[in-house]
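Chemist: The lines below spell out each chain.
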Amino acid sequence: MPFNRYLFVLFISVIATLLMLPIQEPSFLPNTALLYVLLVVLTASVLGRGPAILAALVSSLLYAHVFVPPLFSLAITEVQYLLAAGVMLVVALLVGHLTASLKNTARQVQARESQSRALYELARSLAATLTQAEVESTTARFLGDAVPGCQVRIIDPDDCATLSPPLPSALRETLQQRQQTLMTVGQGETGTRLLVPLIASTGLHGIMVCDLSGPQAASAATRELLETIASLTAVALERTHFADAARQSEVRHSTEVLRNSILAALSHDLRTPLTGLLGMAETLARGRISPERQQALLETLRTQAMNINQQVTNLLDMAKLRSGTIELNEAWQPVEEVIGVTLQQVKTQWKDREITLDIEPDLPPLYYDAVLMERVLWNLLENAIKYSPADTPIELSVRMREGRVVISVCDWGPGLPEQDNEELFGMFRRGCPESSIPGVGLGLAIARTIAEAHGGEVLAENRLGGGACFSLRMPVARAQYPAELDDKL
Amino acid sequence: MTPPDSILLVEDDWQIREFVCIALESEGYTVHEASTAGHGAVQAGSIRPALLILDLGLPDRDGQDFIQDFRAWSSAPILVLSARTQETEKVKALDAGADDFLSKPFGVSELLARVRALLRRRHQERHDADPVIQFGDFRIDCVKRVVTRKGEALHLTQIEYRLLIFLASNPGRVFTHRQLLLQVWGGHAVDNHQYLRVYVGHLRQKIEQNPAQPRHILTEIGVGYRFQP
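Heads up: the sequence lines are chains X and R, in that order. Position in the first sequence counted from 1, then plus 62, gives you the working numbering. Position in the second sequence counted from 1, then plus 2, gives you the working numbering.
Careful, some of the hints might be misleading.
Below, computed lysine-lysine pairings styled on DSSO-like, alpha-carbon distance capped at 30 angstroms [to be verified]:
| no. | chain 1 | residue 1 | chain 2 | residue 2 |
| --- | --- | --- | --- | --- |
| 1 | R | Lys106 | X | Lys413 |
| 2 | X | Lys409 | R | Lys146 |
| 3 | R | Lys152 | X | Lys409 |
| 4 | X | Lys413 | X | Lys448 |
| 5 | R | Lys152 | X | Lys382 |
Hint data in this document are derived by calculation from the structure and do not stem from the laboratory. Nothing here was measured: the structure is a model prediction, and the numbers come from that model.
Make the full structure from the sequences, and use the hints.
Modeler: Dropping the structure here:
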């Protein structure tokens, strides 16, 4: 409290005078003056300019009144004493001023230091942002801390119209032409609105709208801070803008690759069986073959059509999975359920193929989308059936391994090529390209995509003694399994 | 001799219509065709078919609506044709009152089997149900509430018993999860599909030789269950 400081000065001066009373002798007079000067200097250095002036005045008066003869009167008879009083006043003023400005500078330096540390922090957190929204929230959070009561939002340069109150068009143009670094647009009762254009090397990336109180908006330090933050934010926005653009072009590129692959698959892998279909239909229409061969041809026709159906299903599945619109219809269910259905369907298509099943008892239920999981198993089984000799069995086993339910489909075929097995899971990858084995090379890619959507994975490996093994690993108990309804024996 | 059963086929694709027609007529049924829901509704009113075969992907109307309107005045079985990926459509159609479904592409023998089963069930409904149900080695005495396998009593919980009775007394018929929950647990449980799966699992453990490859309680994936004697 400033008032208290002045009272304190009065108090100290009186105390000092009382202490010096014993040396109230004319011979000590110059020393007394020095002691008073010391008091003034101390006051100035500790309490600042105002109290120092008061100390000087009071000291001069007390000096004149108490020590200078005639004692206990304000009359000063000799010029030297008047000089002492005058010197005291000047010293007080000088030292007070110096101290005060020194303190001020120190305070400023400290403030600047903490501000630049904060700005550094801001720059660092801005560097870690990935999206425009993150940049905005980081900046807003920082400004909220740095300038209390400041409301900040960042708008797109094209969205000036959405501001309330609306921005006059002249101002908008000024902003767009980037002529000013900071503009005051409104001074209402609640506060002032400042607009700071966010300009980086490639142009205007947004406008920072800051609502703050009148005195804050007027302070040069705040304005300077806002401009600095604006330049940091602008650079960050520019970076996210370019990152977005890069991501989009990557997406476009991969879409392009996918489209080309689909076209290639359609033109080769579907046209070949369709040609067969057409040929068989026409051969039958000509009617110059024996009834037995006719029957056989019809049977082949049917199989061929089913194959094409399977491939179209896979293409559609993949398109749906890739489009990102797929929603998992997950539910808790025993793993046996989906295995039973898949085996039933596989057996309608490959009636004579032997598939052995080995399920560990008491497996925990899994949380999955039954329709999609059936596609995974179907694709793994179909793959095994297609790529291994018809007289060898397919082995399907389900066990618990390292906290996961592992469903393995193993065959006695030629096994996988030595190179990277991950290649197999790419889209439109065929085990034997251009072979007579039907397919478009999507089965494993679909299986893996669906498994990953469930938090699981599909792995491929060669088994000892030949043959390939594909295993689907599903996580167990991601959530609480529901309690069973009340049921009595 | 009774007059042949008349079947109404509502399907917009003429090729499918043609082969379904040929197949059904070769089995002695009288088939009426319609290519739109509007035409189908008019036809249904005039011929009062013994069976309705309905494509879910009609251009002029939602299949579920059509089923509800048809159900308002007719109890004739409805067989729904749909694409494989339309599981929710199938469930909606079944909940609306359809009796069975076939996923495209389907074969003629499969179609005829379903049609025969639906018509047979319709004719049987006129008679009183037998209080004893038999399938495989099993015998269910609904009066004494006893299930036996090869003469040996089988211990089932109340819910397992209710589930089994309901399924077994409707052989060949597909039920959605919702329909089963409503029948066995009551209205408060219709959204708790996991209970149903748990109990079907238990029931399979008790009545199936190989629960992973069930012979009696079959899963219609994404739709529900079907009992096969």
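Chemist: For every hint, state whether the structure bears it out.
Modeler: Consistency of the hints with the structure:
1. For a cut-off of 30 angstroms, the pair hint linking R/Lys106 to X/Lys413 stands: about 20 angstroms separates their Cα positions.
2. Distance restraint check for X/Lys409 and R/Lys146: the Cα-Cα separation of roughly 39 angstroms exceeds the 30 angstroms cut-off, and the hinted pair is therefore not satisfied.
3. The suggested pairing of R/Lys152 with X/Lys409 holds, with an alpha-carbon distance near 29 angstroms, which does not exceed 30 angstroms.
4. Restraint check: the Cα-Cα separation between X/Lys413 and X/Lys448 comes to about 14 angstroms, which is no more than 30 angstroms; the hinted pair holds.
5. A threshold of 30 angstroms between alpha carbons decides the hint, and for R/Lys152 with X/Lys382 the separation of about 49 angstroms lies outside it, so the pair is violated.
Checked against the numbered hints given earlier, the structure breaks hints 2, 5 and satisfies all the rest.
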